[in-house]
Amino acid sequence: MSDAPHAEAEAPDFKTRAGIALADRTLKIAIDRTTNTAETKRAAAVGAFPEFEAARERGRAIKDHVIANLGHYLETFERNATASGAKVHWAADDAEARAIVVRLCREAGARSVTRSKSMLGEEIGLPDALAEAGIERVETDLAEHIIQLAGEHPSHIIWPAMHRTREQVADLFREGHVPPPSAEDPGSMVRSARRVLREKFLGADVGISGANFLIADTGATCTVTNEGNAELTTTPPRVHIVTAGIEKLVPSTAHAFALLRLLVRSATGGEMTQYTTFHRGPKRPGDADGPEEMHIVLVDNGRSRMLGDEFRDMLRCIRCGACMNHCVVYRQIGGHAYGGTYPGPMGAVLTPVLDGLAKSRDLPFACTMNGRCAEVCPVRIPLPTLLRAWRGRSWRENLEPRAMRAGLGLWAWVARRPRLYRLASGLGVRALRLMGKGGWVGSVPLAGGWTAYRDLPRPSGKTFMEQYRGGRK
Amino acid sequence: MSARERIFSAVRAELSAARDPAQIAGEAAALLAEPDAVRPRLAGATLAESFAIKATALGTTIDRVPALDAVPEAVARYLAGQGLRPSVALDGAPELRGLDWGAVETHSAIAPDEAAGVGLARFGVAESGSIVIHSGPETPILLAFLPLHHVVVLRVADMLAHLEDYAARLEGTEPPRNAILITGPSGTTDIEGSYVRGAHGPGFVHVILVEE
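Chains as they are written, first to last, in the working numbering: chain A, 1 to 473; chain B, 474 to 685.
Check the hints yourself; a few may be wrong.
Okay, the calculated bits of chain A under chain B, using three or more residues with CB under 8 Å as the criterion [claimed, not checked]:
1) 43-56
2) 137-147
3) 333-343
4) 370-380
5) 386-400
Just so you know, these hints were derived from the structure itself, not from any lab.
Remember, it's a predicted structure, so these values are computed and weren't measured experimentally.
Glycine included, C-beta positions come from ideal geometry on N, C-alpha and C.
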């Protein structure tokens, strides 16, 4: 390959990954190109839809209604999907989900599997599971195709290859496509991918897709794409497998449309995806095409646990990616630095659920609490509140580094003694003033991590209390 | 305990006791009340005009003919305009099969590199400029995906105002195996977020609106 997988994805801890990402100028260019476009287009789409706020409130209410009645809707969906001829499978965790999908592929005698982009598939580790089973996996979404060529994981839930510039994609295609694309413009690269993947679609034994919605009253799964790869993934192969999280349920098709209006505007700034597909069971007698078997794998993987804790609101998430597009931290470090399946604010809430807080405690702290994610969330998830809840739990579970706990403990001890606190802060501002040059302080002992990237304003030399008293005299 | 039992017992443990399904259905229906408050207004004065405004904004081209028997000539005109041979894959709808195709050669098999496919839409949706196709014995799904040019015949009488109106049309019927709302040609923004028309599906969608 022309360049190694992004190094920040491989580093063991968040701070190292973030440091590597911050030093990568090309990464910042790539992120800016997509997120700037996404932010502008979303704002225009929302501006052209005066009913957006009311629609958002309705979307929130629909998701809350489903979550409050999840058992009922799971049963209804299972009954109706089964009646349509689909086979419903249940997976309590990621390992069970992988095992079911691999078993279904083996039973189908699959040598080649096409996949239409699904973050749930990434969450349960399906790409590696198929590789271990010796089954050829063909990613058909353009961005997933790019990262498959690069041997990487998605860095964004809507634009999985956001971390790559068009120049980097052109390099990948020159090596991975026969014949190579003729030019570096995105148009000729897309045409090249179309040529390369066309024969793969028609030769696959199994097609695997995800679902944006599960329609309880018809038992249908709904998938939205812009490229048309989902239909080419699910129609020609003999077996179609859908993997979906149990929170994807909606009562009816009309409820799905209400959420779809929010999803598309928030994700890409479009009004409607090019293809909105409802699948309901296998090929029927006389049908001109379609798979002979349809399997739906419903995955819990921590979701039922979220019903009963403070992260329940996160089950509303419709995976639009607006929170990460508007996040000042995501836009500096990109998706790989987060180290989980889901990056950005929603990922910082979900990754501790999926991977455990001990492994991911840095993520809820990688947030400035500026609240932009909650402002743009189409189903009003209070993301900063949920991140703060993880910070609280991290403290209660004693996960902070010892130096931080000791430092905060010392501060708390001093802060409860007003005289001592005034004395200490008075000494502090005078010391800082001595350290400064001109209007700024460039480095502070024990705070090198902070001052490496920014300067502190040089203090006036008196504490607030001293100035307040002075003013009253 | 099976995975299914484990999931259901976990879900039930966290939620309140079983509720009356009729009450749940009532709450779900209430969430669809006053649809005009939560959806966009139509873009034009009539359904057909609204559809055309939305569809053309996405790159779909539109031709209007007075009646179904004028469709073959409109198809021939479109193919000639695109510099294509007068040869199309045609879906099995009797409304289309029964027409006199004259100089346009038609066939049922869809080649992987088919230039143009002609199919009949079940519905149009004015709100979004979408056309709806349903799988079935007469309608191969691949007809709408393998060809580079997808030519869709849509009767103005089958035009619906909003997405919810399409959902309502499905009520009380056996929903199709595969229903697809197609909104413009295929495209992608996967490289740097910039839009490229023509990804895996058709790069061109041409709608022939039949006025009768």
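Hints, verified against the model:
1. 43-56: Answer holds; 5 residues pass the 8 Å Cβ test.
2. 137-147: It holds: at least three residues are needed, and the segment 137-147 of chain A offers 5 whose Cβ sits within less than 8 Å of chain B.
3. 333-343: Violated: only 0 residues of the segment 333-343 of chain A have a Cβ under 8 Å from chain B.
4. 370-380: n = 0 at 8 Å, threshold three: violated.
5. 386-400: violated (count 0)
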